[in-house]
Amino acid sequence: MSIDREPGQGFVLIAGGIGITPLRSMILTMKDRDDPRPVFLFYAASTIDGVLYRQELETLQRQMNLKLVLVLSKPASDWAGERGHIDTALLKRYLPTQFMRFQYFVCGPGRMLDAMEEDLTALGLPRSRVHSERFDVV
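Numbering (my numbering), first residue to last: 2 to 139.
Take every hint as true, because none was put in to throw you off.
If you anchor each label on the Cβ, the simulated ranges turn out as follows:
{"no.": "1", "residue 1": "P8", "residue 2": "I49", "range": "33 to 41 Å"}
{"no.": "2", "residue 1": "M2", "residue 2": "S78", "range": "34 to 42 Å"}
{"no.": "3", "residue 1": "S47", "residue 2": "T89", "range": "19 to 27 Å"}
{"no.": "4", "residue 1": "S129", "residue 2": "K75", "range": "30 to 38 Å"}
{"no.": "5", "residue 1": "P8", "residue 2": "S78", "range": "40 to 48 Å"}
{"no.": "6", "residue 1": "T89", "residue 2": "T22", "range": "19 to 27 Å"}
{"no.": "7", "residue 1": "G51", "residue 2": "P97", "range": "25 to 33 Å"}
{"no.": "8", "residue 1": "A81", "residue 2": "S129", "range": "35 to 43 Å"}
{"no.": "9", "residue 1": "P8", "residue 2": "A77", "range": "39 to 47 Å"}
{"no.": "10", "residue 1": "K93", "residue 2": "I49", "range": "22 to 30 Å"}
{"no.": "11", "residue 1": "M101", "residue 2": "D50", "range": "29 to 37 Å"}
DSS-like mimics (lysine-lysine), calculated; alpha carbons at most 30 Å apart, straight line:
{"no.": "12", "residue 1": "K68", "residue 2": "K32"}
{"no.": "13", "residue 1": "K75", "residue 2": "K93"}
{"no.": "14", "residue 1": "K68", "residue 2": "K93"}
{"no.": "15", "residue 1": "K32", "residue 2": "K93"}
In case anyone wonders, no lab produced these hints; they're calculated from the structure. Glycine included, every Cβ here is placed at the ideal spot set by N, Cα and C.
Hey, can you work out the whole structure from these sequences and the hints?
In structure tokens:
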């Protein structure tokens, strides 16, 4: 998976758990290159403590054209952000009108990738714009 192989007017990155690792690398590359294209990062974790690189991602959000959306499945009672799982309804709330022109990169557990591939297709995205990498424990 590489943003250099898939040209787009912007990028939607969807991570689950440790799947943030390659997507973080993409974001850091864009930052180093002063790439002005928009990036939407949807990052699912069980709890806020499970969000890897949280402070770094929040800092990057202030430094570049990055929108970070954290989605917690088991949040603390005082969590004011998104709850549950990433799905089409959540994506629609955040994606801009030109979302069909973006490239989509999804990385995480197999069940999440299966759901995201189905949901993104349901949004009308061509399969050629959806790129995934699975992190399953054997």
